[in-house]
Amino acid sequence: MSTERSENLKYYDGLRKIYKKPEDYEFVGKSYNRIDAEDKVTGRAKCTADIYLPGMLYGKLKRSPFAHAKIISIDTSRAEALPGVKCVITGKDFRGGKLGNPEAFKELADKESLCKDKVRFVGDEVAAVAAVDEETAIEAVELIDVVYEEFPCALDPVEAMKEDASVIHEPGTQNLSMLTTMQSGDCDKAFSEADYTDKHRYSTQMMVHAALEPHGAVATWENNEITIWTTTQGAHVSRFWIAHGLGIPQSQVRVIKPYLGGGFGGKLDVFPHELCACLMSMKTGRPVKIILDRKEVFYGTRTRHPMELEIETAFRKDGTMLAKRCRHVLDGGAYGGSGVAANVLSLIWATLPYKVANIDMMARRPYTNKPAAGAMRGYAASQVHFANEVHMDEVAEELGIDPVELRRINACVPGYEGPTGLQVTSCAFKETLDKAAEAIGWEERKNGLKRGEGIGFAGSGFVSGTGFPVLETPKYHSASTTVRLNREGYATIFTGANDIGQGSDTVMTMIVAEELGLKMDEVKIVQSDTTLTPFDSGSFGSRVTFLAGNAARRAVGDAKLSLLEVVAENWNCQPEDIVMKDHRVFKRGDSTNDISFSEAVWMYEEKHYGKSVVGVGSFAHDGDKEIYKKNRGNYAAAYSFSTGAASVEVDEETGCIDLSELVLAHDCGQPLNLRAVEGQVEGSVHMGLGFALFEECRFDETGKMLNPTFLDYRFPTALDMPRIRTITCGQPDEEGPFGAKEAGEGSTPPVAPAIVNAINRATGLKFHDLPITPEKVWRALKARKAAEAAGVQEGRNCGKP
Amino acid sequence: MRIIRMKLNDEQIEALVQENCTLLDFLRNQLGATGTKKGCEEGECGACTVLINGVPMNSCLMLAVEADGQEITTIEGIARNGELSPLQKAFIEKWGLQCGFCTPGMIMSATALLKENPSPTEFEIREAIAGNLCRCTGYAKIVEAISAAADAIKEA
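Protein chains in written order, with the numbering used here: chain A, 1 to 801; chain B, 1 to 156.
Everything labelled a hint here was simulated from the structure, so no lab data went into it.
The beta-carbon is built from N, C-alpha and C at its ideal position, and this holds for glycine as well.
Keep in mind that a hint or two might mislead.
What the hints assert, rightly or not - Below, a list of computed lysine to aspartate or glutamate pairs in the EDC-like style, where the Cα atoms sit at most 20 angstroms apart:
1. A:Lys46 - B:Glu76
2. A:Lys199 - A:Asp188
3. A:Lys450 - A:Asp712
4. A:Lys46 - B:Glu144
5. A:Lys30 - B:Glu93
6. A:Lys766 - A:Glu599
7. A:Lys46 - B:Glu41
8. A:Lys283 - A:Glu134
9. B:Lys115 - B:Asp10
10. A:Lys295 - B:Glu44
11. A:Lys295 - B:Asp25
12. A:Lys30 - B:Asp10
13. A:Lys295 - B:Glu42
14. A:Lys295 - A:Asp712
15. A:Lys581 - A:Glu565
16. B:Lys89 - A:Glu649
17. A:Lys295 - B:Glu41
Stated by the list, open to error - Beta-carbon label-pair distances, calculated as ranges:
18. B:Ala15 - A:Asp712: 34 to 42 angstroms
19. B:Ala15 - A:Thr492: 40 to 48 angstroms
20. B:Gly69 - A:Lys581: 54 to 62 angstroms
21. A:Thr492 - B:Lys115: 37 to 45 angstroms
22. B:Glu155 - A:Lys10: 50 to 58 angstroms
23. A:Thr284 - B:Asn9: 32 to 40 angstroms
Could you put together the complete structure from these sequences and hints?
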């Protein structure tokens, strides 16, 4: 491991001397309540849909009924004539550019705020209406007459890349939105020298985020600027794209994120309803509210990329992995958005959490005429780790090596540098393997498993805070924070970090309270408002605790150092001799020098003629902005590692799968709040379980989603969940705030493959295609029975019924 | 339009409503009681759960006029005289929530459960909230919170 820390990381090292020492921690590593919990249990918490403004209009979108068609004409006259309709807009009303994400790929921005010439999926937006009430808006949308000329649609990603496929965006591109390759070492040589090679195909299905709160926005044009309250995971990034789409300066756009009812990646991009609410407010001078209904959220927002993965590995007989070849096809749906990042991410994940020197990898992301795929919890890692971890178990079986041991042999370790330039620093992957195996009782149980019983393992590596700032920023920074100490006895933190339900407001508040020795309710938080708070990239890539948390600690540290320098001067000592605790500021081991927090702030302001004690902090990644184009480099300041262990019973008569227990051991560095970490892991298990066993969006041959409701798209209820055991592993990370790493995303990917490996062990079958429904299991068991009866040797790949 | 009278959170109210207005829209749009959330409008997510004469119901599946003459409790009526209910306290202490969008509906279903069954088993708790979807928590801490609230009520 390179021990030399960069100038960037060392920039704030001067604050370390006054940071709270671990032995003095009052909050870190313990459990404390969320700051928003009381609002949320009393119904006082206001989400976007709960905002009602005087004179407010209600908006609705006109959507395409076809998956792929040319727009011949749009006639809005009947809608405009309907009493109560105040505004009707189409694509020609927008003066700005196309929408995409991130800024570095602005040339890939491919989504018009409203379609002008053609539509690319069932649900594509072609017009919008604002009316005095929702009913009138719905009626008016029906009165808009659009004439289409249908094109053949491309629904299958592999077919979409063929020469004769219908062109979705640009001709001559094989419908590809992204093509990424990564090579390192000498793959051919490694394969030729290997004792054992293995090659299999795997596939995953389309899944959706299904945050309980539907997407929506309320926009109002006042003081020559647009203010939009919206369901976003990144207020500052939204500001950029909203200004871009409207064709106005960012200084005229204010984005505020109220309480958000879950995101999981689905609220990362900017959507047409947000642009339409803004434009219709600008045109009418009245506030406009657009809240999507549940069906629109299903087919009109974002999905998780369905993926097809071909994995070929080379091993020595002692279990050492020598090389990996992989070919990924990601079904991108109709547009790019944040989905373009999935392509490169899918290859990066294929190099974790195991050491491999020789790689030859390619990922392609074709467009198809389906809803656009985007970021989703465990972004691209859920699919890639599923395939690789199921593959790993198959290799273990062939080599006759225990599956936990095979993983241990190849596990990433501290100091490992990956073939694409990932720099692993803190890493307790082996510890997660050992603890998960111990908790599920692997050694005692593995030889006594009865027919139908299975235990499965899977590992995962993930970024703890992608360094990628989404928008181009000076020195590649992606989180800034300001903290002000108030002489009335409290502090205020101004953070751009977006709490999407995970609890980041609580984390930011805690960090300030911890450093200043205040109570949590003596820290007021101002968050996710582009006019009031400094820049933050948003909630994605497991970056909030690590990056925004670091920015918060540096900001409060900066304020604390300014304060303590004045106090130390008065007390004739050094700032590091002074402790802030229980609302007191005192010299360690000296009871004569002991004043209140308020008195200390007063002392500072006296000396500086009334100037406030203010601290600023930021966090910049050590990357370079070409990283996503060169496909080489270090993507994060730290990485998280985890192991899932599942225990299942499969009923051979019905194919039903009973997941009785799931253990998840996660290296999150120093946990900041134990309950929060457990909550994140339990949520991960929920999503991983749905991914493994039943969640799937289905389409008919015309590209229409068949199950856009919670009844038909089933996700786990309270009755479906297993017993979950969360085990935190690892040591404090050198660069993490108080040593913390992420907990919310890296814990998702190992869940599904652990369950699938358990099912494969229980049934003796090899399932390669998600989801593993009871029907699929039943059919595969039946087919095996029939094959056995016919005396035919059993098939290997029984995934596809 | 019709006049309806109901007892809402112990308060007698009278209002003029459109016949086709759901109870959920009446609560939210007309009364400003936005604690009751709208997640699907199809009776599947449970975010809009309220108590009608003590029984948990999806307010999106009911017309406001059907609530005429009934006793309605929403999340805003759960705390009494500024004192949080044992369930509300337990949801806070056990982290029985993250984004909080399902929380009002969860607490309504759990309130009805504990009134009818003061000592529910874990399975009975899970059954009682099976109609309330949560995407954040994996339900573990919600179940824990309801169980802790049941214990707290018994001890009180």
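For each hint, the structure was consulted:
Proximity of A:Lys46 to B:Glu76 is assessed by CA-CA distance (about 13 angstroms); at most 20 angstroms being required, the pair is judged to hold. A threshold of 20 angstroms between alpha carbons decides the hint, and for A:Lys199 with A:Asp188 the separation of about 14 angstroms falls inside it, so the pair holds. Distance restraint check for A:Lys450 and A:Asp712: the Cα-Cα separation of roughly 34 angstroms exceeds the 20 angstroms cut-off, and the hinted pair is therefore not satisfied. Restraint check for A:Lys46 and B:Glu144: not satisfied, since their Cα atoms lie roughly 26 angstroms apart, outside the 20 angstroms limit.
A hinted pair counts as satisfied when its Cα atoms are at most 20 angstroms apart, and A:Lys30 with B:Glu93 qualifies at roughly 13 angstroms. The suggested pairing of A:Lys766 with A:Glu599 is violated, with an alpha-carbon distance near 69 angstroms, which exceeds 20 angstroms. A C-alpha spacing of about 19 angstroms is found between A:Lys46 and B:Glu41, which places the hinted pair at or below 20 angstroms, so the restraint holds. Annotation: proposed proximity of A:Lys283 to A:Glu134 holds, straight-line Cα distance about 18 angstroms (limit 20 angstroms).
Between B:Lys115 and B:Asp10 the alpha-carbon distance is near 17 angstroms, which keeps this suggested pair within the 20 angstroms criterion. Using a Cα cut-off of 20 angstroms, the hinted pair A:Lys295 and B:Glu44 holds, with the two alpha carbons roughly 12 angstroms apart. Distance restraint check for A:Lys295 and B:Asp25: the Cα-Cα separation of roughly 18 angstroms lies within the 20 angstroms cut-off, and the hinted pair is therefore satisfied. Restraint check: the Cα-Cα separation between A:Lys30 and B:Asp10 comes to about 40 angstroms, which exceeds 20 angstroms; the hinted pair is violated.
For the given pair, A:Lys295 sits about 10 angstroms from B:Glu42 by alpha-carbon distance, which is consistent with the 20 angstroms threshold. Among the hinted pairs, A:Lys295 with A:Asp712 is consistent with the structure: their alpha-carbon atoms are about 11 angstroms apart, no more than 20 angstroms. The straight-line distance between the Cα atoms of A:Lys581 and A:Glu565 is roughly 17 angstroms, inside the 20 angstroms bound, and the hint therefore holds. Straight-line distance between C-alpha atoms of B:Lys89 and A:Glu649 comes to about 37 angstroms, which puts the hinted pair past the 20 angstroms bound.
The straight-line distance between the Cα atoms of A:Lys295 and B:Glu41 is roughly 10 angstroms, inside the 20 angstroms bound, and the hint therefore holds. The beta-carbon spacing between B:Ala15 and A:Asp712, approximately 35 angstroms, falls within the hinted interval of 34 to 42 angstroms. Checking the proposed 40 to 48 angstroms range against B:Ala15 and A:Thr492 shows it holds: the Cβ atoms sit about 41 angstroms from each other. Taken as a hint, the range 54 to 62 angstroms holds for the pair B:Gly69 and A:Lys581, whose Cβ atoms sit roughly 59 angstroms apart.
For A:Thr492 paired with B:Lys115, a C-beta distance near 42 angstroms keeps the hint of 37 to 45 angstroms intact. A hinted range of 50 to 58 angstroms holds for the C-beta pair B:Glu155 and A:Lys10, which are about 54 angstroms apart. A beta carbon spacing of about 36 angstroms between A:Thr284 and B:Asn9 agrees with the range 32 to 40 angstroms that was offered as a hint.
Hint compliance for this structure: hints 3, 4, 6, 12, 16 are broken, all remaining hints hold.
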